[in-house]
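> Here are the chains, one letter per residue:
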Amino acid sequence: MTENAYQNADVRFERVTKRFGRAVAVRDLSLDIPQGMFFSLLGPSGCGKTTTLRLVAGFEQPEEGAVYIRNRNVTGVPPFKRDFAMVFQNFALFPHLNVAENVAFGLKMLRVPQVQRAEEVRNALVLVKLEGFAERYPKQLSGGQQQRVAIARAIVMKPVVLLLDEPLGALDKNLREEMQVELRSLQRQLGITTVFVTHDQEEALTMSDRIAVMRDGLIEQLGAPREVYERPATEFVATFLGASNLIDAVAIGSENGRSLVEAAPGRFAIASTGFSAGQRLRLAVRPERVRIRPIGASGLPATVREVVYRGAATHLFMESKGLPLIAFLQNDTGASSGWQPGQAVSVDFEPDSVVVLDRTRSA
Amino acid sequence: MTRALLIALAGLSYLLVLGPILIVIVTAFSPTEFFVFPPPSLSLRWFAAFFETESLRDAFVRSVWLAALSCVCATVVGTMAALAIARRRGWVFTTLQSLFLAPLIFPAIVFGLSLLLFFKLIGGVPEFPGLVIAHTILGTPFVVRAVSASVLAVDPVLEEASASLRAGPLRTFRLVTLPLIWPSIISGALFAFILSLGELNAALFLTGPGVTTLPIEIFSYLQFQGGQLVIAAASAVQVGIILVLVVAVERLIGLRRIVRSPS
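Chains as they are written, first to last, in this note's numbering: chain P, 1 to 363; chain R, 364 to 626.
Hints in this document: simulated from the structure, not taken from any laboratory.
Computed from a predicted model, the values in this text were never measured in an experiment.
Some hints could be false.
Stated by the list, open to error - Which chain R residues face chain P? A few, computed with CB under 7 Å, are given here:
hint, residue
1, 520
2, 521
3, 524
4, 529
Just so you know, even glycine gets a beta-carbon here, dropped at the ideal spot from N, CA and C.
Starting from the given sequences, assemble the full structure and let the hints guide the process.
This is how it looks when you write it as structure tokens:
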């Protein structure tokens, strides 16, 4: 990280380790989250993403390392003295307070004068489109409305960092997709640095500026959504974010600035270079990058096993000399139609859609 | 057929529970010298007699004070204990939980005796403070139980939410936890009060000449003077106090429920 990036980091982890008994939840984590960024922590349950978030909040304290919120070392500082706000998984609205009282709660704690407080509460409720609901109690609201109250209650605090702990998990699918877009545009509008925890890869891809994919307390890969999706660094990332065809291959040489590899189904070229002949490689190809042509065309020979119509796309499950392959074909042209189980086909992919995975960290 | 049987059974249960109490209360309003049921007319004669008998009146006032004080102590101690142990796991807290609930299962008469011996051992404790201590200990389990149940029903995330909104532990307790558990604190306190008001076994050991509680006074009055109807009036007063409290608490908590879960 450059000096400049360090200056602008709103959240900073310095070699943080957190254990629960013998289990290590977060291992030696160093991380900078720049100002204004929508940053997602993505991973399966137990990967340490929630613990990481709770370390920012101060609900957990690290055994080793330091946590900073906007250049202030908050290690050991209790949550109520840290400059953050949080939207909890099940909203955690106070059931004995109405909407306005819920939203005003934090402002009261900050001793914001009554008049200004009422004004800010009103503005926050307008922002989340809940004006007119001020007198309602949480139980009288739908899940989506409760969600908005929770968001209003957090943003009214004008925190340095907004923490979102799977805030959309409790909503049904349609509402969730709607809230994803809304939350994201709200965050852009306010420019609040946001840390978002989710296990839903689509949610992370939709909303984030950057995604940290976590596993076993470590960040496996950190990057922009497109980068993480299209250039997965490890097998875990390649399979956790969407589907991937995983192919074991051996480098056999190079030609025209490309490497030639040999796998069970045959030889093909990949864009990455710098391998010594005989080096074993683990490759990943996204199913939507796989092209299918009638047998006889150049490519790897394969047999169609299953054809699944999915509306927008057709999924083709194939096998090539014992290697299972999947292809997602868009249903926009004729390309996807007409394939039958049992049919022999020819499979190929652009050399630059093949990603070489880091074998030292493979599953 | 089954339904009729169940109704009959329910009716019988109510009769057995409420019948004797009703008889005592109705009798308390009797104008006659001796027990006649039903009384030929109504009068407040025995209530007057009750309040004019100095020993009964003193004992009554003392009992109400005792119940109020021990109820407050038991509520404070029991609530704090419940807050400390309800959510924790591990053998230490399981043991503490059992200890706090022990007075519920311990025979009060044995408890009274042991407390008396203990007071002797530490050099003596005056009767009234001794009684307050005893009834606090006996009332605490009711508060611990009621409050523990409701503390467990409060989502700990609400307290984290409060902390995330800059409320320190004390303000979180006052503004979030307490408003959510206070109905159970009140109902625990009510139990402690009622228990103290009617407690006889432990009080037997801890009262002394001139410092008696109403149940003790009623007990000895019946033994040595035999005036049944003034005792009926005393009982009616006790039942009256309890009824007023129960109705008041019910309205208080009931109202709170309406505010909290409007449908």
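> Restraint: residue 521 of chain R near chain P, CB-CB cut 7 Å. Satisfied or not?
5 Å, holds
> Do the numbers back the hint for residue 520 of chain R, that is, is its least Cβ distance to chain P under 7 Å?
Check passed: Cβ of residue 520 of chain R comes within 4 Å of chain P, closer than 7 Å.
> Interface hint check: residue 529 of chain R, Cβ to nearest Cβ on chain P, cutoff 7 Å. Holds or violated?
4 Å, holds
> Interface hint check: residue 524 of chain R, Cβ to nearest Cβ on chain P, cutoff 7 Å. Holds or violated?
4 Å, holds
Consistency note: the structure conflicts with none of the earlier hints.
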